[in-house]
Amino acid sequence: MSEDILEIGGRGIASRLFTGTGKYGDDSLIPGVCEASGSEVITVALRRVDLNAGTENVMDHIPGHMQLLPNTSGARTADEAVRIARLARAMGCGDWIKIEVISDSRYLLPDGYETAKATEILAKEGFVVLPYINADLYVARSLADAGAAAVMPLGAPIGTNRGLKTREMIRILIEEIDLPIVVDAGIGRPSEACEAMEMGADAVLVNTAIATASDPIRMAGAFGRAVRAGRAAYLAGPGATRRHADASSPLTGFLGAV
Amino acid sequence: MSFYPLIAEYAASLPDARFAEFTGEDVRRAMERTTPTAEDFMALISPAGLPLLEEMAQKATRLTARYFGRTISLFTPLYLSNFCTNHCVYCGFNCRNDIHRSMLTLDQVDAEGAAIAATGLKHLLILTGDATAKAGVDYLEECTGVLNKHFPSVSIEVFAMTEEEYARLVRAGVDGLTMFQETYNEALYAILHPKGPKRDFRFRLDAPERGCRAGMRVVNVGALLGLDQWRRDALFTGLHASYLMDRYPEVDIAVSLPRMRPHAGEYQPASVVSDRELVQLMLALRIFLPRLGITISTREAPGFRENIMPLGVTRMSAGVSTAVGGHSDTATDDKDVGQFEISDGRSVDEMCAVIKAQGFQPVFKDWEPIFGARGAA
Chain A
23 MSEDILEIGG
33 RGIASRLFTG
43 TGKYGDDSLI
53 PGVCEASGSE
63 VITVALRRVD
73 LNAGTENVMD
83 HIPGHMQLLP
93 NTSGARTADE
103 AVRIARLARA
113 MGCGDWIKIE
123 VISDSRYLLP
133 DGYETAKATE
143 ILAKEGFVVL
153 PYINADLYVA
163 RSLADAGAAA
173 VMPLGAPIGT
183 NRGLKTREMI
193 RILIEEIDLP
203 IVVDAGIGRP
213 SEACEAMEMG
223 ADAVLVNTAI
233 ATASDPIRMA
243 GAFGRAVRAG
253 RAAYLAGPGA
263 TRRHADASSP
273 LTGFLGAV
Chain B
-3 MSFYPLIAEY
7 AASLPDARFA
17 EFTGEDVRRA
27 MERTTPTAED
37 FMALISPAGL
47 PLLEEMAQKA
57 TRLTARYFGR
67 TISLFTPLYL
77 SNFCTNHCVY
87 CGFNCRNDIH
97 RSMLTLDQVD
107 AEGAAIAATG
117 LKHLLILTGD
127 ATAKAGVDYL
137 EECTGVLNKH
147 FPSVSIEVFA
157 MTEEEYARLV
167 RAGVDGLTMF
177 QETYNEALYA
187 ILHPKGPKRD
197 FRFRLDAPER
207 GCRAGMRVVN
217 VGALLGLDQW
227 RRDALFTGLH
237 ASYLMDRYPE
247 VDIAVSLPRM
257 RPHAGEYQPA
267 SVVSDRELVQ
277 LMLALRIFLP
287 RLGITISTRE
297 APGFRENIMP
307 LGVTRMSAGV
317 STAVGGHSDT
327 ATDDKDVGQF
337 EISDGRSVDE
347 MCAVIKAQGF
357 QPVFKDWEPI
367 FGARGAA
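In the order they appear, the protein sequences are chains A and B.
Numbering-wise (this note's numbering), the first sequence opens with residue 23 and increments by one.
Numbering-wise (this note's numbering), the second sequence opens with residue -3 and increments by one.
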């Protein structure tokens, strides 16, 4: 399986589980989570980054080998997302950016139109743009046209741990969009991450379910294994599933063999 | 648009006995609802909810962890001025109270800001009394300019303003507004605020909404629990938050749950909110509005503040002085009296240790000044 490398923005990524830095009771858990999950990509909200902190800073806990994926949490418009991305780059957080444009604090659903606008601007500026969106084919196509490096559809609203509620829509994105599909948000259990990978998602991003588990490091390991299992099943090509059992008396039996 | 017609409609049909009619079944049904209604919220804060606190706590804890994680954001108040033209009968800064009045110069504001920033805090709440001729919008604008050097987030808890005035402060770098209605009971409000600009109930009631329209990122409302029968004011606090969330989905809405405490004035509480009841209210708010910010101040005692951390709290103050110039030696006048007596005088370092011991992460910075109009400059 070592040859199964996901490529995003010119970087080869062996682990298809992306993780996050939010909601931990103690940020010192983060290195253990990275190790147990095998994750190589980690997202961090720029609004939380404080390079001038006298004491603690989330960045101190992120292992050096991780690909940093700053996100634009807090942005309500394309313009704000663009400014955060530029600031992240200026602060030395690299060229990767996860665009989150959310102006609905009740459901935390992303604004596809503003996200596409920000994606277009940032892709032209050389950012590796991973936009977080509703699982919507038209939005995904416009993001692909705008130069996104991957598309991150939600499984369910952020933080809900409700699983793959958008299963059928994600399936369409996997079939139609010629970019890596990273299922982001909503995944609450390793079995759901596994299912997303079996369906053919290229990766999943899991934060809340790990960070708020009673034992985050153990949960990170469980997610890591689930994602590997799901990916292996996808590559192995599961047998076709049938909606109906084979009829014992076929209706076309009278036609005889071809 | 205004919350006023809604509150008037409820107030007319809400005898206190209404809360006593709810049963345990109503409370359980409210807990199971995907999107609880206003009626469900009433059930949750009714006396029938008290025996079901543990069940409510289990649910509220799960919701809080899911949406906010195991984190507590920290802030501290900075009192800029205690000059006041209001006669709020329950307040230590009431203009008839014979206390030492002062107002920080910009140099003193800078010194106070530096002293607070040295503790590691990044979110600041600035407060004044209501004396716009001395400490008005111009003064707040200047203070914000000074404080933005030290803090990525500056919020205000001051007199009610027009939308244009709030917009000016947003442009100056203010990102949050805290505005307590004190009580949603209009008749009682008139008695408690006999004179002064704060007497205008409706102007104050609509102030949080004007702040939302002016571009504030966080708007925090609340009632001073105990002025009226607390369940009524608790109900309207929740409904006010829900009203704002519905109409201004881009704004983070939060509530504070201050209980009346002893102070220099003569007015004492009309009803006393017990610890159990305050916990009930917090749990009910979390179940009613899962994304709602909940702020707990140092009015509450240290042990109580520790125990309620997992139950719904998202924000706490630490290292608090409610006296003008209480944070740095250079700005302190001797014998300054605070607005109210705090119960938890622990330092920021001490609070961090306590938060960590509870399995939570103290969050100092959760904002970047690039947001809003200031970042566009």
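Source of the hints: derived by calculation from the structure; they are not laboratory data.
Quick caveat: nothing in here was measured; it's all calculated off a predicted structure.
We put the beta carbon where it would ideally sit given N, CA and C, even for glycine.
Hints may contain errors.
[As the list claims (entries may be wrong)] Label pairs and their calculated CB-CB ranges:
(1) Asp26/A x Gly341/B: 56 to 66 angstroms
(2) Gly116/A x Gly341/B: 39 to 49 angstroms
(3) Asp196/B x Gly148/A: 46 to 56 angstroms
(4) Asp237/A x Phe199/B: 28 to 38 angstroms
(5) Glu28/B x Ala254/A: 51 to 61 angstroms
(6) Ala7/B x Asp237/A: 32 to 42 angstroms
(7) Asp237/A x Gln225/B: 28 to 38 angstroms
(8) Ala258/A x Gly355/B: 35 to 45 angstroms
(9) Ala34/B x Glu25/A: 34 to 44 angstroms
(10) Ala254/A x Lys145/B: 48 to 58 angstroms
(11) Ala112/A x Glu50/B: 42 to 52 angstroms
(12) Glu17/B x Leu159/A: 45 to 55 angstroms
(13) His96/B x Arg128/A: 38 to 48 angstroms
[As the list claims (entries may be wrong)] Which residues of chain A face chain B? A partial, calculated answer using Cβ under 7 angstroms:
(14) Glu57
(15) Arg70
(16) Ser125
Cβ separation of Glu28/B and Ala254/A, checked against the hinted range 51 to 61 angstroms: violated (39 angstroms)
Verdict for Ala258/A, Gly355/B (Cβ pair) under range 35 to 45 angstroms: Once the Cβ atoms are compared, 41 angstroms apart, the range 35 to 45 angstroms for Gly355/B and Ala258/A holds.
Outcome for the supplied range 34 to 44 angstroms, where the beta carbon pair is Ala34/B and Glu25/A: violated (58 angstroms)
Beta-carbon spacing of Asp26/A to Gly341/B - inside the hinted bounds 56 to 66 angstroms or not: For Gly341/B against Asp26/A, whose Cβ atoms are near 58 angstroms apart, the range 56 to 66 angstroms holds.
Pairwise beta carbon distance, Asp237/A to Gln225/B, judged against the given window 28 to 38 angstroms: violated (45 angstroms)
Distance restraint evaluation - Ala254/A, Lys145/B, Cβ atoms, bounds 48 to 58 angstroms: holds (54 angstroms)
Range hint 42 to 52 angstroms (beta carbons of Ala112/A and Glu50/B) holds or violated: For Glu50/B against Ala112/A, whose Cβ atoms are near 50 angstroms apart, the range 42 to 52 angstroms holds.
Status of the given 38 to 48 angstroms range, CB of Arg128/A versus CB of His96/B: With Cβ atoms ~45 angstroms apart, the hint holds.
Cβ separation of Asp237/A and Phe199/B, checked against the hinted range 28 to 38 angstroms: Since the Cβ atoms of Asp237/A and Phe199/B sit about 52 angstroms apart, the hinted range of 28 to 38 angstroms is violated.
Ala7/B paired with Asp237/A, Cβ distance criterion 32 to 42 angstroms: This hint is violated: roughly 49 angstroms between Cβ atoms.
Whether the CB-CB distance between Glu17/B and Leu159/A falls inside 45 to 55 angstroms: Since Glu17/B and Leu159/A have Cβ atoms about 50 angstroms apart, the given range 45 to 55 angstroms holds.
Interface hint for Glu57/A, Cβ within 7 angstroms of any Cβ on chain B: Given a least distance of 20 angstroms, the restraint on Glu57/A is violated.
Comparing the model with each numbered hint stated earlier shows that hints 4, 5, 6, 7, 9 and 14 do not hold.
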